[in-house]
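A.B. asks: Top to bottom, those sequences are chains S and P. Its first residue numbered 1, the first sequence is counted upward by one per residue in UniProt numbering. Its first residue numbered 1, the second sequence is counted upward by one per residue in UniProt numbering.
Because the hints were derived from the structure by calculation, they are not lab data. Remember, it's a predicted structure, so these values are computed and weren't measured experimentally. Beta carbons: idealized from backbone N, C-alpha and C, even for Gly. Any given hint could be a false lead.
[To be verified] Have a look at the derived ranges for each label pair, beta carbon to beta carbon: (1) Pro73(P) <-> Ala127(S): 24 to 32 Å; (2) Gln64(P) <-> Arg165(S): 21 to 29 Å; (3) Ala65(S) <-> Pro73(P): 40 to 48 Å; (4) Ile107(P) <-> Ala65(S): 41 to 49 Å; (5) Thr53(P) <-> Leu91(S): 19 to 27 Å; (6) Ile107(P) <-> Cys129(S): 35 to 43 Å; (7) Lys105(P) <-> Leu120(S): 37 to 45 Å; (8) Val202(S) <-> Leu68(P): 53 to 61 Å; (9) Val76(S) <-> Gly110(P): 57 to 65 Å; (10) Ala124(S) <-> Ile83(P): 36 to 44 Å; (11) Pro73(P) <-> Leu209(S): 28 to 36 Å; (12) His169(S) <-> Leu68(P): 15 to 23 Å.
[To be verified] Straight-line C-alpha distance at most 27 Å; calculated DSSO-like pairs for lysine-lysine: (13) Lys105(P) <-> Lys213(S); (14) Lys55(P) <-> Lys174(S); (15) Lys105(P) <-> Lys115(P); (16) Lys147(P) <-> Lys75(P); (17) Lys156(P) <-> Lys55(P); (18) Lys55(P) <-> Lys147(P); (19) Lys147(P) <-> Lys174(S); (20) Lys156(P) <-> Lys174(S); (21) Lys156(P) <-> Lys75(P); (22) Lys213(S) <-> Lys115(P); (23) Lys75(P) <-> Lys174(S); (24) Lys75(P) <-> Lys55(P).
[What the hints assert, rightly or not] Which chain P residues stay away from chain S? Per the calculated CB distances, all over 12 Å, these: (25) Phe29; (26) Ser30; (27) Val49; (28) Lys105; (29) Trp154; (30) Gly169.
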Amino acid sequence: METSRVKPGFNGVGVGMGSVNGSSRRPGPGYGYYMGSGAAAAGGGRAAQAPVDGCSVALRVFVLASTLVSAVVMGVDRQTSTIRITISDTLPPLEVPLTANWSYSSAFVYFVVANAMVCLFSAAALAACRSRAAMVPVMVGDLLALALLYSAVGAAAEFGILGERGNSHVRWAKVCNVYGRFCERAMAAVIVSLIAAFANLVLLMLSILTIHKSSSYY
Amino acid sequence: MATVDATPTAESGNGKQAPSPPAERRSSFSGADLALRALLFAVTLAGLVVLATAKQTALVPVPQIPGLLLSRPAKFNHSPALIYLLVALCVTCFYSLLTALTSLKLIISGSSPTKTLFLLVLLDVLYAAIMASATGSGGGVAWIGVKGNTHTNWNKICNIYGNFCRHIGSSVFLGLIASIILVLLTILNTHSLYRRSR
Numbered sequence: 001m002e003t004s005r006v007k008p009g010f011n012g013v014g015v016g017m018g019s020v021n022g023s024s025r026r027p028g029p030g031y032g033y034y035m036g037s038g039a040a041a042a043g044g045g046r047a048a049q050a051p052v053d054g055c056s057v058a059l060r061v062f063v064l065a066s067t068l069v070s071a072v073v074m075g076v077d078r079q080t081s082t083i084r085i086t087i088s089d090t091l092p093p094l095e096v097p098l099t100a101n102w103s104y105s106s107a108f109v110y111f112v113v114a115n116a117m118v119c120l121f122s123a124a125a126l127a128a129c130r131s132r133a134a135m136v137p138v139m140v141g142d143l144l145a146l147a148l149l150y151s152a153v154g155a156a157a158e159f160g161i162l163g164e165r166g167n168s169h170v171r172w173a174k175v176c177n178v179y180g181r182f183c184e185r186a187m188a189a190v191i192v193s194l195i196a197a198f199a200n201l202v203l204l205m206l207s208i209l210t211i212h213k214s215s216s217y218y
Numbered sequence: 001m002a003t004v005d006a007t008p009t010a011e012s013g014n015g016k017q018a019p020s021p022p023a024e025r026r027s028s029f030s031g032a033d034l035a036l037r038a039l040l041f042a043v044t045l046a047g048l049v050v051l052a053t054a055k056q057t058a059l060v061p062v063p064q065i066p067g068l069l070l071s072r073p074a075k076f077n078h079s080p081a082l083i084y085l086l087v088a089l090c091v092t093c094f095y096s097l098l099t100a101l102t103s104l105k106l107i108i109s110g111s112s113p114t115k116t117l118f119l120l121v122l123l124d125v126l127y128a129a130i131m132a133s134a135t136g137s138g139g140g141v142a143w144i145g146v147k148g149n150t151h152t153n154w155n156k157i158c159n160i161y162g163n164f165c166r167h168i169g170s171s172v173f174l175g176l177i178a179s180i181i182l183v184l185l186t187i188l189n190t191h192s193l194y195r196r197s198r
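So here's chain S without its partners, still in its complex pose:
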């Protein structure tokens, strides 16, 4: 009848069906707020459990895995390379071992810490994805995680570009010709983290879309 076209929650049919067989997407507690306490009680019985969206769970698992991977790849990133310094033509060239470590750069430290935090938050949000009470805190946390992840990616990528190209204006020499594998691994970690940040953005937009769809003025 009307229920197939009109959103459930707008009319009494949707509320009745939602509370009986649970097949409707949202029983519409807002409707109960306006129309009386009976419908509110019927909606409140199911309010403890949120509908679990498979797509957002998959995205969250992806974010969890990729932030973990990028934190680990960056965290084990170190390289020792020897450079030859020729002092004069008569003496044999001097070999100096030089080590590049991820903790030498504050941007990379920030990157690892931010990725680990987002990873832990994703695990916590995954554990709490079934409770409706955690929906808003998880969303706010998602937003903060998004900002944190994007700023960490920005800082690490900027450091990587400085290492790759240097800056001739202030005489910062490039270092990636000496530490080739170090730079490649750091760039791989940044790219994986960037993909995770995009997945987090899509996740956040999906949850906003869910709220938008369930709004009673849709």
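Position chain P against the provided structure of chain S, taking the given hints into account.
C.D. replies: Leaving out everything else, chain P in the frame of chain S:
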């Protein structure tokens, strides 16, 4: 068939009665929305001006020849991260102007359709991501400028270009405030969307 008859009355009753209790609070929310957007516009414009005017010429010692000082300028477009920050501030400035006008129009018309709110939230999230990454990269290059990095032999430049560094630092700080405002805007509008969902 009783349900079919009941449907229009429920809908019309919903349309008449429902907006009255939250209408007052919603209008105050849109006022806060407009205020935050105006603040965002002011902050991004200030950051833009401060970053674009960051230019200083200083005497720099040449390492090969001791005792020789060379006059070298420092400008923001010498670093790709600062160019990115400038572009992000510029885009966010335009965006905040447009959305402030939209918000003003919504206040004047007295209604805020859910669809507009939804689009605003999506764009806010997108711009928050852009501003956060720009702040991160600009802050990274400013940090190296302040502290230097002894491991890669990158000397700090803020002892030479003091004024330039202050401009860059203020601009990064304003970018940070702009991203915080965007996050707050998203939370505010999502909350008003969420309140309609129950």
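A.B. asks: Evaluate each hint against the coordinates.
C.D. replies: Hints, one by one, checked against the model:
no.: 1; hint: Pro73(P) <-> Ala127(S): 24 to 32 Å; verdict: violated (55 Å)
no.: 2; hint: Gln64(P) <-> Arg165(S): 21 to 29 Å; verdict: holds (22 Å)
no.: 3; hint: Ala65(S) <-> Pro73(P): 40 to 48 Å; verdict: holds (47 Å)
no.: 4; hint: Ile107(P) <-> Ala65(S): 41 to 49 Å; verdict: holds (44 Å)
no.: 5; hint: Thr53(P) <-> Leu91(S): 19 to 27 Å; verdict: violated (52 Å)
no.: 6; hint: Ile107(P) <-> Cys129(S): 35 to 43 Å; verdict: holds (36 Å)
no.: 7; hint: Lys105(P) <-> Leu120(S): 37 to 45 Å; verdict: holds (42 Å)
no.: 8; hint: Val202(S) <-> Leu68(P): 53 to 61 Å; verdict: holds (55 Å)
no.: 9; hint: Val76(S) <-> Gly110(P): 57 to 65 Å; verdict: holds (59 Å)
no.: 10; hint: Ala124(S) <-> Ile83(P): 36 to 44 Å; verdict: holds (37 Å)
no.: 11; hint: Pro73(P) <-> Leu209(S): 28 to 36 Å; verdict: violated (49 Å)
no.: 12; hint: His169(S) <-> Leu68(P): 15 to 23 Å; verdict: holds (18 Å)
no.: 13; hint: Lys105(P) <-> Lys213(S); verdict: holds (24 Å)
no.: 14; hint: Lys55(P) <-> Lys174(S); verdict: holds (24 Å)
no.: 15; hint: Lys105(P) <-> Lys115(P); verdict: holds (15 Å)
no.: 16; hint: Lys147(P) <-> Lys75(P); verdict: holds (19 Å)
no.: 17; hint: Lys156(P) <-> Lys55(P); verdict: holds (17 Å)
no.: 18; hint: Lys55(P) <-> Lys147(P); verdict: holds (20 Å)
no.: 19; hint: Lys147(P) <-> Lys174(S); verdict: holds (18 Å)
no.: 20; hint: Lys156(P) <-> Lys174(S); verdict: holds (15 Å)
no.: 21; hint: Lys156(P) <-> Lys75(P); verdict: holds (16 Å)
no.: 22; hint: Lys213(S) <-> Lys115(P); verdict: holds (10 Å)
no.: 23; hint: Lys75(P) <-> Lys174(S); verdict: holds (20 Å)
no.: 24; hint: Lys75(P) <-> Lys55(P); verdict: holds (5 Å)
no.: 25; hint: Phe29; verdict: holds (14 Å)
no.: 26; hint: Ser30; verdict: holds (15 Å)
no.: 27; hint: Val49; verdict: holds (22 Å)
no.: 28; hint: Lys105; verdict: holds (18 Å)
no.: 29; hint: Trp154; verdict: violated (4 Å)
no.: 30; hint: Gly169; verdict: holds (15 Å)
Comparing the model with each numbered hint stated earlier shows that hints 1, 5, 11 and 29 do not hold.
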